[in-house]
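Those protein sequence lines, which keep their order, are chains A and B. 1 is the number of the first residue of the first sequence in my numbering; add one for each residue after it. 1 is the number of the first residue of the second sequence in my numbering; add one for each residue after it.
Just so you know, the hints here were simulated from the structure itself, not pulled from any lab data. Predicted model only: the values in this text are computed from it and were never measured. Backbone N, C-alpha and C define an ideal beta-carbon position, used for all residues, glycine too. Please note: incorrect hints may appear among the correct ones.
The calculated DSSO-like cross-link candidates involving lysine-lysine, where the alpha carbons are at most 30 Å apart (straight line), are [what the hints assert, rightly or not]:
| no. | chain 1 | residue 1 | chain 2 | residue 2 |
| --- | --- | --- | --- | --- |
| 1 | B | Lys-132 | A | Lys-42 |
| 2 | A | Lys-150 | B | Lys-136 |
| 3 | B | Lys-136 | A | Lys-15 |
| 4 | B | Lys-11 | B | Lys-136 |
| 5 | B | Lys-106 | A | Lys-46 |
| 6 | B | Lys-132 | B | Lys-45 |
| 7 | A | Lys-97 | B | Lys-80 |
| 8 | B | Lys-136 | A | Lys-155 |
| 9 | B | Lys-80 | A | Lys-226 |
| 10 | A | Lys-46 | B | Lys-136 |
Residues of chain A placed beyond 12 Å of chain B at every Cβ, according to the derived structure [to be verified]:
| no. | residue |
| --- | --- |
| 11 | Asp-23 |
| 12 | Glu-55 |
| 13 | Gln-56 |
| 14 | Asn-91 |
| 15 | Tyr-95 |
| 16 | Ser-117 |
| 17 | Asp-172 |
| 18 | Leu-234 |
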Amino acid sequence: MEQIATRDAYGKALKELGLNNNDVIVLDADLSKSTKTADFKKVNPKHFINIGIAEQNLMGVAAGIAATGKIPFASTFAMFATGRAFEIIRNSIAYPKLNVKIVATHSGVTVGEDGGSHAAIEDISLMRSVPNMTVIVPADGVETGKVIQKIVEYKGPVYVRLGRSKVPVIYDDSYEFEIGKFSTLKRGSDVTIIACGIMVSKALEAAEILNVKGIKAEVINASTIKPFDDKALLESVKKTKCVVSVEEHNIYGGLGSAVAEVLGRNFPAPLEMVGVMDVFGESGAPEELLEKFKLTPSEIVNKVELVIKRK
Amino acid sequence: MENKLIEEKAKEIRREIIKMLGEAKSGHPGGSLSGADIIAALYYKEMKLDPSNPKWEDRDRFVMSKGHAAPLLYSVLALKGYFDIDILKTLRKTGSILQGHPDMNKVPGVEMSTGSLGQGFSTAVGMALSFKIYSKENRVYALLGDGECQEGIVWEAAMSAAHYNLDNLVAILDNNGLQIDGKCSEVMCLGSLQNKWKSFGFHVIEIDGHNIEQIIKALDEARTIKDKPTLILAKTIKGKGVSFMEDRAEWHGAAPNMDQVALALEELK
Numbered sequence: 001m002e003q004i005a006t007r008d009a010y011g012k013a014l015k016e017l018g019l020n021n022n023d024v025i026v027l028d029a030d031l032s033k034s035t036k037t038a039d040f041k042k043v044n045p046k047h048f049i050n051i052g053i054a055e056q057n058l059m060g061v062a063a064g065i066a067a068t069g070k071i072p073f074a075s076t077f078a079m080f081a082t083g084r085a086f087e088i089i090r091n092s093i094a095y096p097k098l099n100v101k102i103v104a105t106h107s108g109v110t111v112g113e114d115g116g117s118h119a120a121i122e123d124i125s126l127m128r129s130v131p132n133m134t135v136i137v138p139a140d141g142v143e144t145g146k147v148i149q150k151i152v153e154y155k156g157p158v159y160v161r162l163g164r165s166k167v168p169v170i171y172d173d174s175y176e177f178e179i180g181k182f183s184t185l186k187r188g189s190d191v192t193i194i195a196c197g198i199m200v201s202k203a204l205e206a207a208e209i210l211n212v213k214g215i216k217a218e219v220i221n222a223s224t225i226k227p228f229d230d231k232a233l234l235e236s237v238k239k240t241k242c243v244v245s246v247e248e249h250n251i252y253g254g255l256g257s258a259v260a261e262v263l264g265r266n267f268p269a270p271l272e273m274v275g276v277m278d279v280f281g282e283s284g285a286p287e288e289l290l291e292k293f294k295l296t297p298s299e300i301v302n303k304v305e306l307v308i309k310r311k
Numbered sequence: 001m002e003n004k005l006i007e008e009k010a011k012e013i014r015r016e017i018i019k020m021l022g023e024a025k026s027g028h029p030g031g032s033l034s035g036a037d038i039i040a041a042l043y044y045k046e047m048k049l050d051p052s053n054p055k056w057e058d059r060d061r062f063v064m065s066k067g068h069a070a071p072l073l074y075s076v077l078a079l080k081g082y083f084d085i086d087i088l089k090t091l092r093k094t095g096s097i098l099q100g101h102p103d104m105n106k107v108p109g110v111e112m113s114t115g116s117l118g119q120g121f122s123t124a125v126g127m128a129l130s131f132k133i134y135s136k137e138n139r140v141y142a143l144l145g146d147g148e149c150q151e152g153i154v155w156e157a158a159m160s161a162a163h164y165n166l167d168n169l170v171a172i173l174d175n176n177g178l179q180i181d182g183k184c185s186e187v188m189c190l191g192s193l194q195n196k197w198k199s200f201g202f203h204v205i206e207i208d209g210h211n212i213e214q215i216i217k218a219l220d221e222a223r224t225i226k227d228k229p230t231l232i233l234a235k236t237i238k239g240k241g242v243s244f245m246e247d248r249a250e251w252h253g254a255a256p257n258m259d260q261v262a263l264a265l266e267e268l269k
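Taking the hints into account, I'd like the entire structure generated from these sequences.
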């Protein structure tokens, strides 16, 4: 299966914008080679701004650019974008509803060797809690490209969570992404597996294993975490009667929490969560870390078997 | 407009500040009064504006980075006709467009939502940078407090304004020497603000922030400076114009009662 990192897809999408959209300005905080905004700089250097190692100002300057009617993309690692600059995002971007696209890379434990200080496991939670903010976690390179095209057309603040490591390509070019709409990748009637980001391909792998065991899993890609597609989740759960959420993020405040909120309000059903169990990341090879933090198809299978018993 | 008339406007602004804070029973008089002359010079002389068309593309931008001086901004916007002056009475009340700190989506003429200190200046840098990139003539002005300069983002923003040669950006520092907890020099000494801004790459002009002639001269000088941003270090008196409020930290965030309003308005006749 072809593999591509979502950050590489971001660089490619930006390059296209650099050539075709005069309103786009791209900002980075000294990580342009890692976030791939350097790809944009190559084609449109006049519209590229390096702010230096100053993430708070990165967000403030982006807000100011948006206030002049332009479309800024602000990129850095997810940790520094949503952690260090949180309050600037909150007060100068989300509160005035400015048209800033925050596209952060190197999220989750698969940041790898850099370790826990750099592995954002709280960013979805932080961004999801801010009014006016749209939160998107693409599952692969194709979806990332589609997401970037869509958020340019959408007017308002958006947070896009991307990763460092290569992930399998699950969509083909015919896929149509829409903000606020989940995509169902596999139909099934025994359990709903709802995943986001790099864990979507793991969920699909788990579904194959379950299939052999005679369990028909429905797999949903929850690429827009906010606004949450309540309807799609509920339609699925009304059929399957149980859910497993899967994310490369703390189980507190992320996708699993969003699922629990919707279920609790509308259709209480057993829920098990696969995610980072409220611990920090650490150094290591990304794939080894996924094993260590139990972000694996086999763990999804375990949780599915558990949740089905609770029906 | 003649300097004399601008001085009159500054007095009018001060009267509206006092009246509105008296009605609201909360808010920040000290830092609003200290910036009144600067704001009068900006809105009645310096800036290219059209109150009947607040979103006019060629307008200059003003960012109230010290967002707690919202009453100062609201006063001048009302007097310029951006909205009905009676609305000033609704300051800080439930349902009012006049929030405790400025909201750009509620108030015509407010260019940026501010209040959390330091951020407004960073956004002003973004505006100026955008105008540079698109070769626009718009100028950007930001009013900062001296206490506000304790925020790290101010210096991140200053660094970037100089790095990108933003000669279309003028920061004005309302240097009244006081913050909520007391004298800036005692709470957290800022050292030499002049040297700091100079070393960050700004053209620095020191003036008396209550002298209209000096304010206008400094703004004119800023227009002649090429390839670097300007910082006007304006020495001011917190609470300026109301004797019992002048140079007293306790008037940073306390509203006058009705008797004090009457007394203040008498002084501001």
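Verification of the hints:
no.: 1; hint: Lys-132/B - Lys-42/A; result: holds (20 Å)
no.: 2; hint: Lys-150/A - Lys-136/B; result: holds (28 Å)
no.: 3; hint: Lys-136/B - Lys-15/A; result: holds (25 Å)
no.: 4; hint: Lys-11/B - Lys-136/B; result: violated (34 Å)
no.: 5; hint: Lys-106/B - Lys-46/A; result: violated (33 Å)
no.: 6; hint: Lys-132/B - Lys-45/B; result: holds (23 Å)
no.: 7; hint: Lys-97/A - Lys-80/B; result: holds (26 Å)
no.: 8; hint: Lys-136/B - Lys-155/A; result: holds (23 Å)
no.: 9; hint: Lys-80/B - Lys-226/A; result: violated (41 Å)
no.: 10; hint: Lys-46/A - Lys-136/B; result: holds (14 Å)
no.: 11; hint: Asp-23; result: violated (9 Å)
no.: 12; hint: Glu-55; result: violated (9 Å)
no.: 13; hint: Gln-56; result: violated (4 Å)
no.: 14; hint: Asn-91; result: violated (4 Å)
no.: 15; hint: Tyr-95; result: violated (6 Å)
no.: 16; hint: Ser-117; result: holds (19 Å)
no.: 17; hint: Asp-172; result: holds (37 Å)
no.: 18; hint: Leu-234; result: holds (33 Å)
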